[in-house]
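Chemist: Sequence:
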Amino acid sequence: MELGRDISAVVTGGASGLGAATARTLAARGVRVALFDLDRARGEAVAAEIGAVFCEVDVTSDTSVAAGFEAARAANGQERILVNCAGIAPAARTLSRSGPHSTALFEKVILVNLGGTFRCLSQAAAGMAGLEPVTASGERGVVVSTASVAAFDGQIGQAAYAASKGGVAALTLPAARDLSQNGIRVMTIAPGIFETPMLAALAAEVQESLGRQVPFPSRLGRPAEYAALVAHICENEMLNGETIRLDGAIRMAPR
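Residue numbering for the sequence shown follows our numbering, starting at 53 and increasing by one per position.
Among the hints, erroneous ones may be present.
To be verified - Simulated DEER-style distance windows between Cβ atoms: (1) Ala93 / Ser113: 44 to 52 Å; (2) Ser154 / Glu54: 43 to 51 Å; (3) Pro267 / Glu54: 17 to 25 Å; (4) Ser113 / Glu184: 29 to 37 Å; (5) Ala141 / Pro267: 16 to 24 Å; (6) Leu157 / Ala305: 30 to 38 Å; (7) Ala119 / Phe268: 38 to 46 Å; (8) Val258 / Glu54: 40 to 48 Å; (9) Glu184 / His153: 46 to 54 Å; (10) Gly56 / Ile140: 14 to 22 Å; (11) Asp230 / Ser270: 21 to 29 Å; (12) Ile140 / Asp58: 19 to 27 Å.
No wet-lab data here; the hints were simulated from the structure. A virtual CB, placed ideally from N, CA and C, is assigned to each residue, including glycine.
Based on the provided sequences and hints, a complete structural model is requested.
Modeler: Here is the structure:
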């Protein structure tokens with residue numbers, strides 16, 4: 053799919069981090085972008101900066117997601133690109149001194165990270181399926197979701213997060229197979245340790261220590277590098293049904 057002014061995209065979690073970087077990259081390539089996020093202040097600021105549309109959306113709600121797509125499509129037309137970046141990453145051990153892992157917390161992480169990804173994917177696909185193809189092969193759209201290396205190398209305290217991101221990775225192939233008849237591709241990126249708002253809150257020496265754990269390049273990943281891979285996935289029609297690790301060859305230790 054060639055990126056440009058005749059293409060619209062929706063980026064969930066677009067107010068910060070990987071989502072904001074992706075929104076900026078797509079907008080710079082001429083794509084009409086809509087941002088889904090709960091953080092209205094940051095979302096509106098990013099939208100104003102890049103000429104995008106902000107929609108306050110809770111990805112755990114069918115009605116909120118549907119309203120977001122309705123608003124985005126009214127402003128930009130039917131999206132051909134969906135990038136799922138919305139997510140949370142609380143840490144808790146399966147069993148700690150205070151007792152077993154909170155089931156409510158576990159379910160919340162699954163609801164946001166996995167449920168939100170599927171909810172947006174399925175609603176976007178329903179809209180994309182009615183579009184005219186944009187390539188000779190019949191491509192109508194592409195969905196890029198965000199897992200994590202925790203899906204494969206989950207650390208201590210990441211039971212809920214790793215399970216949710218493992219679900220996103222496992223969802224990729226069957227969703228791609230389901231949507232192949234509609235000309236919609238489904239891909240997932242599994243980032244390693246990236247410069248995100250969560251890591252930015254850590255001391256500089258802690259960030260440097262984390263970066264040194266990456267074999268090469270020995271630094272934290274940059275959100276723009278994630279966004280560059282999203283753009284390539286959109287443009288490379290043979291990328292489908294796969295999860296790509298974007299991690300500098302790191303394999304996470306237990307802690």
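Chemist: Taking the hints in turn, state whether each one holds.
Modeler: For each hint, the structure was consulted:
1. Ala93 / Ser113: 44 to 52 Å: 20 Å, violated
2. Ser154 / Glu54: 43 to 51 Å: 47 Å, holds
3. Pro267 / Glu54: 17 to 25 Å: 35 Å, violated
4. Ser113 / Glu184: 29 to 37 Å: At roughly 31 Å between Cβ atoms, glutamate 184 and serine 113 fall inside 29 to 37 Å, so the hint holds.
5. Ala141 / Pro267: 16 to 24 Å: 23 Å, holds
6. Leu157 / Ala305: 30 to 38 Å: 24 Å, violated
7. Ala119 / Phe268: 38 to 46 Å: With a Cβ separation near 44 Å, alanine 119 and phenylalanine 268 satisfy 38 to 46 Å, so the hint holds.
8. Val258 / Glu54: 40 to 48 Å: 42 Å, holds
9. Glu184 / His153: 46 to 54 Å: 48 Å, holds
10. Gly56 / Ile140: 14 to 22 Å: The hint (14 to 22 Å, Cβ to Cβ) is violated, given that glycine 56 and isoleucine 140 are roughly 33 Å apart.
11. Asp230 / Ser270: 21 to 29 Å: 40 Å, violated
12. Ile140 / Asp58: 19 to 27 Å: Once the Cβ atoms are compared, 34 Å apart, the range 19 to 27 Å for aspartate 58 and isoleucine 140 is violated.
Violated hints, listed in ascending order, are 1, 3, 6, 10, 11, 12; each of the other numbered hints is respected by the structure.
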